[in-house]
Each structure stands twice: as structure tokens, then as C-alpha cells.
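Student: On the provided structure of chain A, position chain B as indicated by the hints.
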Amino acid sequence: MKLLWRLIARDLSLMAGRPGEWLMPLAFFLLVAMLLPFAIGPEPTLLARLAPGILWVGALLASLMPVNTLFALDSADGTLDQLMVRGIAAETLAAARLVALWIGFGVPLLLAAPLAALLLGMPMDVLGLLVPGLVAGALGLAALGVLAAAVTLGARGGGGLVALLVVPLAIPLLLFGSRPAEPGSVGLAIASALLLAAVAPFAAGAALRASRG
Amino acid sequence: MAAPDISNLDLHALANPLRFTRFATVLTPWLLLLGLGCLGAGLVQGLFLAPPDYLQGEVVRILYVHVPSAWFALGGYLGMAIAALAALVWRHPLAALSVRAIAPVGAMFAAICLVTGSIWGRPTWGTWWVWDGRLTSMLMLFLLYLGVIALVHLHEDRARGLKMAGYLAIVGTINLPIIKFSVEWWNTLHQPASIRVSGSSIHPEMLTPLLLSALGFLFLFAGLVLVRMRTLIAEQRLEMRALRRAARAG
Numbered sequence: 001m002k003l004l005w006r007l008i009a010r011d012l013s014l015m016a017g018r019p020g021e022w023l024m025p026l027a028f029f030l031l032v033a034m035l036l037p038f039a040i041g042p043e044p045t046l047l048a049r050l051a052p053g054i055l056w057v058g059a060l061l062a063s064l065m066p067v068n069t070l071f072a073l074d075s076a077d078g079t080l081d082q083l084m085v086r087g088i089a090a091e092t093l094a095a096a097r098l099v100a101l102w103i104g105f106g107v108p109l110l111l112a113a114p115l116a117a118l119l120l121g122m123p124m125d126v127l128g129l130l131v132p133g134l135v136a137g138a139l140g141l142a143a144l145g146v147l148a149a150a151v152t153l154g155a156r157g158g159g160g161l162v163a164l165l166v167v168p169l170a171i172p173l174l175l176f177g178s179r180p181a182e183p184g185s186v187g188l189a190i191a192s193a194l195l196l197a198a199v200a201p202f203a204a205g206a207a208l209r210a211s212r213g
Numbered sequence: 214m215a216a217p218d219i220s221n222l223d224l225h226a227l228a229n230p231l232r233f234t235r236f237a238t239v240l241t242p243w244l245l246l247l248g249l250g251c252l253g254a255g256l257v258q259g260l261f262l263a264p265p266d267y268l269q270g271e272v273v274r275i276l277y278v279h280v281p282s283a284w285f286a287l288g289g290y291l292g293m294a295i296a297a298l299a300a301l302v303w304r305h306p307l308a309a310l311s312v313r314a315i316a317p318v319g320a321m322f323a324a325i326c327l328v329t330g331s332i333w334g335r336p337t338w339g340t341w342w343v344w345d346g347r348l349t350s351m352l353m354l355f356l357l358y359l360g361v362i363a364l365v366h367l368h369e370d371r372a373r374g375l376k377m378a379g380y381l382a383i384v385g386t387i388n389l390p391i392i393k394f395s396v397e398w399w400n401t402l403h404q405p406a407s408i409r410v411s412g413s414s415i416h417p418e419m420l421t422p423l424l425l426s427a428l429g430f431l432f433l434f435a436g437l438v439l440v441r442m443r444t445l446i447a448e449q450r451l452e453m454r455a456l457r458r459a460a461r462a463g
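From first to last, the protein sequence lines are chains A and B. Per this note's numbering, the first sequence starts with residue 1, numbered consecutively. Per this note's numbering, the second sequence starts with residue 214, numbered consecutively.
Isolated chain A, as found in the complex:
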């Protein structure tokens, strides 16, 4: 358990040292919220109605950004090998990375969400309803990101592939998370995020082992 915390702290401090890893998804998320009004028109009622969906699509697309470097950097400089040779289970590494990504991706996302909501004219009480789903969604998206990063580790040109792998599996999160007004949907979003978070470390851990050959 202590090991897990230390791994999470390491991942987070590394992330803090590379602002690109958390700033880029954030900027991307805000960019989506900024671009959509140009594409669909500035009419306030339409924008307010579409806002939860736009926020969610933005979050989903932004979550794809950090995936390519998630394990690749540690793999390239040998850190991953070092940690695994020491006898640290690959599942533990994957779980730590998942939690770190949840914090490193989710917290900036939550901080940016009010700004995006403001840009789209979304009422703040709707945003309040959306927040629990977004917190769970960030966990589920982090789980999918860790999984996608692990199975594409060492593959040629994983960029487009990551989107193809993540999108079908993220559909339940998107559907449940972006409709907070419908009864039961937030609970279902949390449930599907928890399931993803429970499964992903094992699948990603096995993939990390396989990537070492």
C-alpha cells in the first residue's frame, strides 16, 4: 500500500514537472468548448442545451492526449524495466498510473469545467449536477487511457489506434455521464467507471509484462 502511494506520488511529481502532460489536455478541452459555438452558432438556448454533451465530448477527446506518453517515456528510459525487475507487480504500476492520471487529468478538468460552462452559457446548477459524473468519468477515462497505453506500448504509430480502442469502451461513460438530469444515470456512470477502474490495472499489467517480451 505504501509502495502504491509512493508510485502515485512519483507519477504526480513527474507530471508536475512536465506541464505539457496536464496542460495540453486542459487546453484541448477548453478549445473544444470554444470551437463548438463557432460551428453550431451562437444562439444561447441551443448552446446551453448542448453544453453538457460538448463538455463530455471535450473531456473524452482530451483524455486521449496523454495516452501516448503514459508508459512510453518510462519504457524508453528503462524505468519500467527497473521497477519490474525489483519485483513490483505490473498491476501495481498500472494501478498507480491510473490513480495519478485520474488526479492529473481529472482535477484540471474539474477546474476548467466552470470556465467551459461559462463560455457555453450553461447554468451553474446544471454544472453542479454534471460534476459527480465528470469525477467518475475522469476515473473511467483514466482507466481506459492506462489500458490503451499498455496494449499499444511498443506499437508503431499508436496515435489513431488509441482513439479507436478507447471510444467504443467509453460509450457507456459518455451516455450516462452527460445526462445528469435523467434518474439513475449518475449512479450508472459511477458504476461503469468503477468497473473499468477495477478491470484496467489487471489487463494493463498483463500487457506491460507482455511488452517486455
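Calculated directly from the structure, the hints in this document are not laboratory data. Check each hint, because a few of them may be wrong.
[Claimed, not checked] Facing chain A, according to a computed beta carbon distance under 10 Å, are these residues of chain B, among others:
id, residue
1, Pro230
2, Leu231
3, Gly270
4, Val272
5, Val273
6, Arg274
7, Ile275
8, Leu356
9, Tyr380
[What the hints assert, rightly or not] A partial selection of chain B residues facing chain A, derived with a Cβ cut-off under 10 Å:
id, residue
10, Val239
11, Leu352
12, Gly374
Using N, Cα and C, we set each Cβ at its ideal position, and we do this for glycine too.
Tutor: Chain B in isolation, oriented as in the chain A frame:
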């Protein structure tokens, strides 16, 4: 998926790629012929002899292709995941190989299902595509298949690609019911299943050709997977031979 009846055969004997190839070589033409025969009989009955639907008219006949392809696109994914699990647990090379063998066949069945469904939807629902739960979940199944295929090919190391694709297939299977549930919760226009474990609400005159063509699809699926397995085994052996030759020459 779609294994022939081999319950009285020694399964371990088939685990040997050479013996498997010999077994598959004998079985493949039979499966393909049976498949074509059943499918042909089912389609002749379905397209010419079965009555048109009282509500949908002649367009209902596309269902003799649409429904079986949907069944085996789903069943194929399940089979692929079981193969991946077997590869993970017993580390058997043939199981890993069958993940790669099944994926394109299943993807093709999912594509057939989507295209025929779309053609059926135009006159019946008045649109090529609706964001309906069952359509969407089939589309997601198709994308999951594409992900597995792409993952195998993007890894330079073939064995590693197979493993990675296997993990993805297993996670996909855990998620498949949730995807299906979520999109049905979201929006549904598609009619519910007419054939259930407890019985069917389809008239026998329509059910017989449907089951015949389903049987045909099943045999064809198995036959095509076996053809691909043999190709992949042969490919591997060629590569090994080239490597050995290179080693000897070097």
C-alpha cells in the same frame, strides 16, 4: 467459436499445430460446402418460398441474412474472447492464433449486419441510420473488432501483438453487456428479439429458412476461421524456415 463436434477426440492431439492443420484440411471443405448448402437452401426458401410479412411486405426477406450475421458477429466476439482467455491461461499458441483468425471474419459479419440493417431500415423506418440502441451496439462491436485487428498489426513483434489484442478482446467482452445496456437505456427503436430461449414468436414458415440460413452462417464462419488458421500457421512456418535458412547462411 463454432468448433465442430470433437468431444470424442483427444483435444490435446489437436493442440499440435501440424495435427491441427491435417484435421483442419479435412474439415474445411466440408464446413464450407455445408455452409453454402444450408445458406443456399435457407435463402431460396426465405427469398422465394416464405410468405412476405403482413406489415413489412417483401423487405422482411433481408432478415434471413441480417439476423444470422448479427448472431454470429456477437458469438464470434465471445469466441474470440474465450480463445484469448485460453491463450492467457494455457499459453497455447493456437489459441492466440485463433484470436487473429476470428477477428476479421467477425468484423465482416458485423459489417454485413450493419449494411443489411441499413438497407432494411430505409423502406421500413424511412432512414438509413438511426441512433438506436441495437444499431449503435452493433456499430461499437464492429469498432471493437477493428481495434483488435489493428492492434495485432501495429505490433512489430507478432506474438506480442497477439497477446495485446487478446487482452483488449477480454476487456471488450466484459464491457460489451454494459455498452449494450447503456445504448438501449439511451434510445431504442429496434424491435426486441423474437427468438428467445423460451420459444419463438415467428411463424414456422419464416422460422425454418431463418434457422437454415443461420446454420449456413455458422458453418461458413467455422470454415472461414479454419482457412485463416491454416494460412496463419503456414505463414508462421514459412517465417521460421526463412529464419533458419538465414541462420545457416550467416
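Student: Hint by hint, note whether the structure agrees.
Tutor: Here is how each hint holds up against the structure:
Checking Pro230 (chain B) against chain A by beta carbon gives a least distance of about 21 Å; that is not within 10 Å, so the hint is violated. About 26 Å separates the beta-carbon of Leu231 (chain B) from the nearest beta-carbon of chain A, more than 10 Å, and the hint is not met. Checking Gly270 (chain B) against chain A: minimum C-beta separation of about 34 Å lies over 10 Å; hint violated. Interface hint at Val272 (chain B): violated, since its Cβ lies 29 Å from the closest Cβ of chain A, which is beyond the 10 Å cut-off.
Proximity of Val273 (chain B) to chain A is violated relative to the hint, the smallest CB-CB distance being about 30 Å (cut-off 10 Å). With 10 Å as the threshold, the beta carbon of Arg274 (chain B) stays out of range of chain A, its nearest partner Cβ sitting at about 31 Å, so the hint is violated. For Ile275 (chain B), the suggested interface contact is broken, since its CB lies about 26 Å from the closest CB of chain A, more than 10 Å. Checking Leu356 (chain B) against chain A: minimum C-beta separation of about 4 Å stays under 10 Å; hint holds.
Taking 10 Å as the C-beta cut-off, the interface hint given for Tyr380 (chain B) holds, the closest approach to chain A being about 5 Å. Hint status for Val239 (chain B) relative to chain A: violated, with the closest Cβ pair at about 34 Å, above 10 Å. For Leu352 (chain B), the shortest C-beta to C-beta distance to chain A is roughly 8 Å, which falls under 10 Å, so the interface hint holds. Because the beta carbon of Gly374 (chain B) sits about 8 Å from the nearest beta carbon in chain A, less than 10 Å, this interface hint is met.
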